[in-house]
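Required output: the full structure, derived from the provided sequences and hints.
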Amino acid sequence: MILRKVDVRHGLVLCALLLAVVAAAFKITNRPPLALFQMPDIDKQSSKILPGMQSQFVSHTQNIHTHAASLVELSDGRIRAFWFAGSREGASDVEIRSAVLDPVSNRWGAEQSIVNRVDTQRSLLRYVKKIGNPVAHRATNGKLWLFYVTVSMGGWAGSSITAITSTDEGVSWSAAKRLITSPFINISTLVKGTPFNYSDGSIGLPVYHEFIGKFGELLRISETGAIIDKIRLSSGKYGLQPVMLITSSQQAIVLMRHSGVSPKRVIITTTGDVGKHWSPTALTTLANPDAAISGVVLPDGRILIALNDTEQGREVMSLVISSDAGITWKNAYQLEDQRGSLMDPAGYGKIVAELAMVTDERVTDPADYGKSARRTKCEDQKCGFEFSYPYLIQTRNGDLHLVYTWNRSFIKHLRFTPSWLKSQLERSADAQLY
Amino acid sequence: MLNFTDLTGLTSVAVAISAACLLLPGIAGFTRIQRTTLLAVVFVLALIPLGGIPLAAYVRGVSGDLSITMLVLLCCALLMPSLGCNTEDIKARYVLLTLIALVALMLYPLALGFTSFDPYRLGYGDTWFIAALLLIALSAWAFKYYLIASCIAMATIAWAGGWYESDNLWDYLLDPWLAIYALFSITLRVARIFSNK
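Chains as they are written, first to last, in the working numbering: chain B, 1 to 434; chain C, 435 to 631.
No lab work stands behind these hints, which were simulated from the structure alone.
Cβ coordinates follow ideal geometry from the N, Cα and C atoms, glycine included.
It is possible that some hints are incorrect.
Said to hold, decoys possible - In silico EDC-like links for lysine to aspartate or glutamate, alpha-carbon gap of 20 Å or less:
1. B:Lys143 with B:Asp200
2. B:Lys422 with B:Asp324
3. C:Lys525 with B:Asp7
4. C:Lys578 with B:Asp7
5. B:Lys276 with C:Asp560
6. B:Lys177 with C:Asp560
Stated by the list, open to error - Below, a sample of chain B positions facing chain C; criterion: calculated Cβ distance under 8 Å:
7. Leu17
8. Leu19
9. Leu74
10. Ser152
11. Phe184
12. Asn186
13. Asp229
14. Lys230
15. Val358
And the structure:
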């Protein structure tokens, strides 16, 4: 009797094993093969002349913590921005907001809430404590993706990535989907860098890990949201927020925020085989105060990035350019510089109000902009400026759009053309070479 | 609308919450019917929405989805008093827990960045990794370690069928809670062996 029971079990387990072999073989053979990087389709002959660099605010809500903007071009050429806002960073009332730029009138529409913590929690059927860092992307099939981080316990190092999609240019959004990217309770994968497409329609998403180790990774995600592959871009404890700069269908450069000790320089790694292998990381000549960077590869192959190019603080924001794949850099334009402007709340509010008027001619209540910035950037009667988390894109018509956090209170938008950039570079021909 | 993977994920957590009731003091004195009723009630309560999401969803936010191996062991724990589920598998159970402890000691530190090698990547469908895993399962079957062979087979089938949200086979094979349990059990067993010498 016992012998028969063992025999039956022997047979049943063997059947289960054979089924597992067949199922695994089916799954593996259906895994998409490696695909090439898809180069962005930019109009190289763009000759549209804009009156210099145009600046304005994307967000206008006062007295609120506002941070981490990203941009995506819609099918009709409009630009949609996303950012997070709430009573403070990490608060339970933080929501992902969005607004759309009409490129003809050059005006941003009203900001609207896209998703919040409670929506995400209900959709994921998991407790969610806080949300942040929205990053938008248009897939090859036209679908809009919005990746953002969610935290169930602990700080930002406990983040996981959640995705929602839209088939109507961001008017309505699907239920949230969790991306499982880590074996350790799926914690500590965050997103900041601009996603890109592969030639087979799958999506490349630069992400980073910051629990114990701090390193960059690259996710390849199918059109349906399944993770096809994940590869390390760096190791150790000092590389965050990778930015992928595709220079050809097989070559790319990744720049990363430096989170280690001095010398604080932007980290670089490269691939020549569609990301199968990455070079050992090295330090560039660009200073980096442990702050996010963003960049694009221009149609002529030069790399343009926006960053805080100092070792300390985020009071400076610059555009820098490289013609030799990131070996040397040249300052193209100084966007912000408030170094040494640590001051009392009254003086700070006054300067912020003046800067707000310079930034956006439609600002009618500059003093309120000052009050908003004081709320987020003043502590113990001392206030400091912050220009951070840049996000730079180039649209199909060649225009460049940059957004960044402005004193943790508003999102600032800058729009310029390659011809304006060229004129700035000619003007600064003898500019500092890094 | 409830996704299939949400249903499976929440159910796995509800099973764990039910199994946790077996640790309650005085549960050994319950009759089989009382015990079954208690477990069934706790299982259902864990899935009833409270404040928008079920209790199991609050736990899931922290625990993640539980591995298939964990579910097999939990189901054994739940069914053992009724069916004598694992009386002949104690040795296989310890071999399985030893394997889990060893793999966990390799997987988690490397996945958290201790070296540049990331073994977690293999779980997204590396052919050699999965072939090696199935060979281990076949060897376990040949040596009559059915629990090990069954856990690997069921985890692989669940992964290929998209049972959970995860696309990574590792998440079906083990989870951190199972790893902690395995490390604790093996340490305790080794300590007992040495104390008896």
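Okay, the hints, checked on the actual structure:
About 15 Å separates the Cα atoms of lysine 143 of chain B and aspartate 200 of chain B, which keeps this hinted pair within 20 Å; it holds. Restraint check for lysine 422 of chain B and aspartate 324 of chain B: satisfied, since their Cα atoms lie roughly 17 Å apart, inside the 20 Å limit. This hinted pair checks out: lysine 525 of chain C and aspartate 7 of chain B have alpha carbons roughly 19 Å apart, not beyond 20 Å. Proximity of lysine 578 of chain C to aspartate 7 of chain B is assessed by CA-CA distance (about 10 Å); at most 20 Å being required, the pair is judged to hold.
In summary, the hint linking lysine 276 of chain B to aspartate 560 of chain C is supported, as the alpha carbons are separated by about 14 Å, within the 20 Å threshold. With a C-alpha separation of about 24 Å, the suggested pair lysine 177 of chain B and aspartate 560 of chain C falls outside the 20 Å cut-off, and the hint is violated. Annotation: leucine 17 of chain B was flagged as interfacial toward chain C, and the flag holds, the nearest CB pair being 5 Å apart, inside 8 Å. Because the smallest distance between the Cβ of leucine 19 of chain B and any Cβ of chain C comes to about 6 Å, under 8 Å, the interface hint for this residue holds.
A hinted interface residue such as leucine 74 of chain B counts as satisfied when its beta carbon comes closer than 8 Å to some beta carbon of chain C; here the least separation is about 27 Å, so the hint is violated. The beta carbon of serine 152 of chain B comes within 4 Å of a beta carbon in chain C, closer than 8 Å, and the hint placing it at the interface holds. With 8 Å as the threshold, the beta carbon of phenylalanine 184 of chain B comes within range of chain C, its nearest partner Cβ sitting at about 6 Å, so the hint holds. Interface hint status for asparagine 186 of chain B: upheld, as the beta-carbon distance to the closest one in chain C is roughly 5 Å, under 8 Å.
Hint status for aspartate 229 of chain B relative to chain C: holds, with the closest Cβ pair at about 5 Å, below 8 Å. At about 5 Å, the closest approach between the beta carbon of lysine 230 of chain B and any beta carbon in chain C falls short of 8 Å, and the interface hint on this residue holds. Taking 8 Å as the C-beta contact cut-off toward chain C, the hint placing valine 358 of chain B at the interface is violated, the least distance being around 43 Å.
Hint violations for this structure: numbers 6, 9 and 15, all remaining hints satisfied.
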